[in-house]
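Undergrad: Could you put the whole structure together from the sequences, leaning on the hints where they help?
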Amino acid sequence: MENVLSERSESKGNLLATEKAHFAYILQCADGSFYVGSTADFQLRLRAHQTGKAAAYTAARRPVRLVYHQRFPSRGDAVERERQVKRWTHHKKQALIAGDMVKLKTLGRRRPRTFASLLP
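Taking the UniProt record's numbering, the leading residue of the sequence shown gets 1, the next gets one more, and so forth.
Just so you know, not all the hints are guaranteed correct.
What the hints assert, rightly or not - Straight-line C-alpha distance at most 27 Å; calculated DSSO-like pairs for lysine-lysine:
| # | residue 1 | residue 2 |
| --- | --- | --- |
| 1 | LYS105 | LYS86 |
| 2 | LYS92 | LYS105 |
| 3 | LYS20 | LYS86 |
| 4 | LYS53 | LYS86 |
| 5 | LYS53 | LYS20 |
| 6 | LYS86 | LYS103 |
| 7 | LYS103 | LYS92 |
Hints in this document: simulated from the structure, not taken from any laboratory.
TA: Here you go:
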């Protein structure tokens, strides 16, 4: 996993230097909420979010800031990761962004359901 706060890649000098790469990413909106997405053209998509021409969610909560991205070899893998992270709580996303794998694992544990929790 890559946790990147800048748009530079150490290996090639550019975040998108590798062809056919796909990305899952997290943006932090001005209101503190997170937007999770995936794309093949990372720089174009980020610019679209920043100018309000991407998702309506981020357009209403600008400015947005890239706080996490992860590169994948295929679109399917990036979309799968996007869907996984979208189901996570705000706290779990914060742990991923911070690279806190211990907290991420703790937050990932399911709490046992009790009979009382099933009652109305």
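Undergrad: Go through the numbered hints given earlier and state which of them the structure violates, listing their numbers in rising order.
TA: none
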